[in-house]
Amino acid sequence: MDTNTAPTPKKDVVLDIRDLYVEYLTPRGPVQAVDGVSFTIGRGEVFGLAGESGCGKSTIAHTILRVLRPPAVVTGGQILYKGVDVLELGDEARPAVDGKPSWSLEAFRWAEVSMVFQSAMNSLNPVVRISDQIIDTVVKHWKVTPKQARDRAAELFDIVNIDKRRLDAYPHELSGGMRQRAVIAMALALKPSLLIMDEPTTALDVVVQRDILQQIEQLQEQLGFSILFITHDLSLMVEFSDRIGIMYAGDLVEMAPASEIFSNPIHPYTQGLLTSFPSITGERRPLTGIPGSPPNLITPPPGCRFHPRCTKCQPVETVAAPRFEEVLPGHWVAVHAGMPLPTGAKG
Amino acid sequence: MKYVLRRLGFYLIAFWAALTLDFILPRLLPGDPAAAILGPIGSRMTEAQINALRQALGLSDAPLWEQYIQFVTHVFQGDLGVSYSAFPAPVTQVIATGFGWTLLLGLSSLTVSVIVGHLIGIYGAWRRGSAFDVVMPPLFNFIGAFPSFFLALGAVYFLGLQFKWFPIAHAAEDSLTPGLTPEYLLSVLHHLVLPMSVAVLVNLQVWIQTMRNNMISVLAEDYITMSEAKGLTQNRIMFGYAARNAILPSVTGFGIFLGSILGGQVLIEQVFAYPGLGYLLVRAVGARDYPLMGGLFLGITVGVLLINFVVDILYTRVDPRVRAE
Amino acid sequence: MAEQPAPTQPILGAPQKPQRVDWRRRFQWASIIISHPQARIGLFIVVALILMGVFAPLIAPGDPNEFVGMPNQKPGDEFILGVDPLGRNEFALVVWGARVSLAIGFGTAALGMLIATTVGMIAGYFGGLLDDILVLIMNLFLVIPGLPLLILLAAYLRPSTATVIFTLAITGWAFNARIIRAVTLSLREKDYVAAAIVAGEDNLTIIFRQILPNMINLIVGGFIGMSIYGIASSTALAFLGLTNMEDVSWGTNLFYAQNGNSLLLGAWWVFVPSGFLVALSALGLAWINFGMDEITNPRLRAERELRKALKGTKLERVRATPVIRRGH
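Protein chains in written order, with my numbering: chain A, 1 to 347; chain B, 348 to 672; chain C, 673 to 1000.
Next comes chain A alone, as it looks inside the complex:
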């Protein structure tokens, strides 16, 4: 997919992803999992990335830390964290250039950007105590004594409201909610500037979900880190995020402030998504959903990847590759010729 010029540079941009391409090499051919995606996250901003399973959002999250598993390969683009391309980081720290700092990959990970994974139970080492799992990271990065690291761990438990006496527990000895809070505590251990949260509440029941999200909100206001929040639950995200990006089949199809996505969705896919959720308040309306199923990413549909399922656009055999453009201030959409746009929007 073509992108226009790079998104408008802001003063306090923490993360700037430009034209990212990621492939999975399979015996049947390479899967185009991320197809030229660009977006930025500012300081203190909560950016939500939404879409169906397999749309590439989790892939992007893992790629930022370069922990995406084989057989994945990054085939193009840049991931600029505070101006430094993460994709160029290596074993050794590079000398600082243009006043921009440079780290080794090991030093960058967790200290600058950290991540909360989907299942806390699966992301914790089952045979090591929680305290040790925090301590080893703190000792490695900050070069402090284990005692000092342990104090930091206790501090973190206070921040997320877990009883300090549970510090030496094993993961299986904690409840689901406590485990998730422990994992969040771990993610904040080194005071990162960006926290990636990959479906952090999907494995929890609704009440605990609320609880955790409120906690995260509080922490974010307190400590001022940015969040990349990934989920398939759009309704959850709309309340929580400042800006939202909608992904479909490896492409970013719409990006706008949260309220605008909700009140003025432009891309047909976004519109379809919003009508798929029943709302508890307001009038009853028929659930329409989106016909068809996500495409095969080894041979994706040419041009706009959504066109086989789209009910809004002119029925065309193939559509010229859409361009990601700012159709309204702060509101970006993947547009192509002949796409219905609201009045006042640049086509």
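Just so you know, the hints here were simulated from the structure itself, not pulled from any lab data.
Every residue gets a Cβ at the ideal spot worked out from N, C-alpha and C, and that includes glycine.
Chain A residues, not near chain B, derived (Cβ > 10 Å throughout):
| no. | residue |
| --- | --- |
| 1 | G42 |
| 2 | G90 |
| 3 | V144 |
| 4 | E199 |
| 5 | H232 |
| 6 | E325 |
So the derived list for chain C, only partly shown, Cβ under 7 Å to chain B, looks like this:
| no. | residue |
| --- | --- |
| 7 | G818 |
| 8 | L824 |
| 9 | A827 |
| 10 | L912 |
| 11 | V950 |
| 12 | A951 |
Based on these hints, arrange chains B and C on the given structure of chain A.
Here is chains B and C on its own, set in the frame of chain A:
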């Protein structure tokens, strides 16, 4: 705790099964077991000698279940009968002479092969597709495909007979008197090298394969991804997170391989005339010394069960989830 | 007139038809073996050895037990592999040895897998007390040391090829039975089995038509594994003199090598060929199994693709998603 008790119960059942087997087998021989055992020599034996053998075998005219009770009580009193080929030495005495050697050879070769094998497996899985991984595991698969006694014969031929670096028979120099003298201990070590090396080479592939497969499964887990995301050092991730978890199924599987490894030691002892339980067992078979055979089999089984039990206890130390039971 | 529902529409509450067995797909593994290079070599080796045994009368005509010359002669013009301590043609012994060794190996595997599959599937399918008892028996056979038990049994039973196969199968079935039981347990939970039960199929039919076809590559893998075990163990027994010494096998050859002091005499031709062929058959069989494993595990195939793509790029010490820039 419950876990340990359960395992102990199982080992007691296994012991009882081996015991019962020892009881049943001689009685399966058609006709009078004593006569069958003595075969053609029997005609030249006196009545008294044949009766002595019958007694040694625990055979009598009492009903079967009565014989069984007597048999079992004797075993728990430490009486396994009298050896026929080493008459009048009791079976337990013969077992005692061999037990130590089997344990020495077995534990030393196990320790070395387990440690080395696991390290190779860990590193091979960590650097999959590297030169190390492409060469080492298949190399030891190749070596392990040879029968152990074949490798032993090769070792005897090249290192023992041709180069004369190591002795080729027995556990220590025959001329030396056994004791804790440095002379004797050195001789023991010298005699241990070849059989131990062969045992290690043959069994290495089992540990390499197991550990490598476990590591590969573990490396696909989310907590490994998270540990990488935490920017920990490669060694910390490889050992503290990956190997620490990969070793668990290895420990439980240990017991299965233990039986075949210690059992297979028989062949190595045979080639090197190393006087352990295996060597004595084969000699007993040759001499048709049935009481001794049964006793040695029981002795080997007890050794295997014992080591299994120790490993089980070790497992509770290593996996905190089991401790919770 | 009331409309009939379309024939394709399932009536609410009626069970789905039990899955029909697609035999072509079940035997995919056969074509897969041919395609994997390592498995191909393994298959070639095993087939070559089998053919050598089958055509032994043509390759080395005559009775291999026949006395043909002075014992322990070096290989030369008259005897390709020399003469053994009993004055027999070593080459003939090695070629004819394949018959018994391989036959015992495959015989053990057949009998052993029959027992293992039966016991494993019964235990896994029926569960409950029956399962507990069978698992206990399995574990007993696994923990009791195999070779000593074999030696003990062989000492009591009259040694012959049949008894050897019998005792080997008895001591070796438990390993595969455990695996088959585990897989049966998980397959039993599948939806199509539940559908078959609801449709009223009896247990035997379900076992044979629903569960068994899904375990074919497991059974084949187990068969190959047990063959290795059978060849190796029977060779060991023969080496110890605990089998029918009149049947020429690789193991008996090694027995006479040891007893004829071939080592001391430096007569390597007496024991090297037989031992080497035992190892070769084990390797060939193992490679077939290995190839089957790699092919059936999609993750391994995907990783092979990745390795091919990364060929030439230096592996960094720190594990990270590789970056290979391409034009877009």
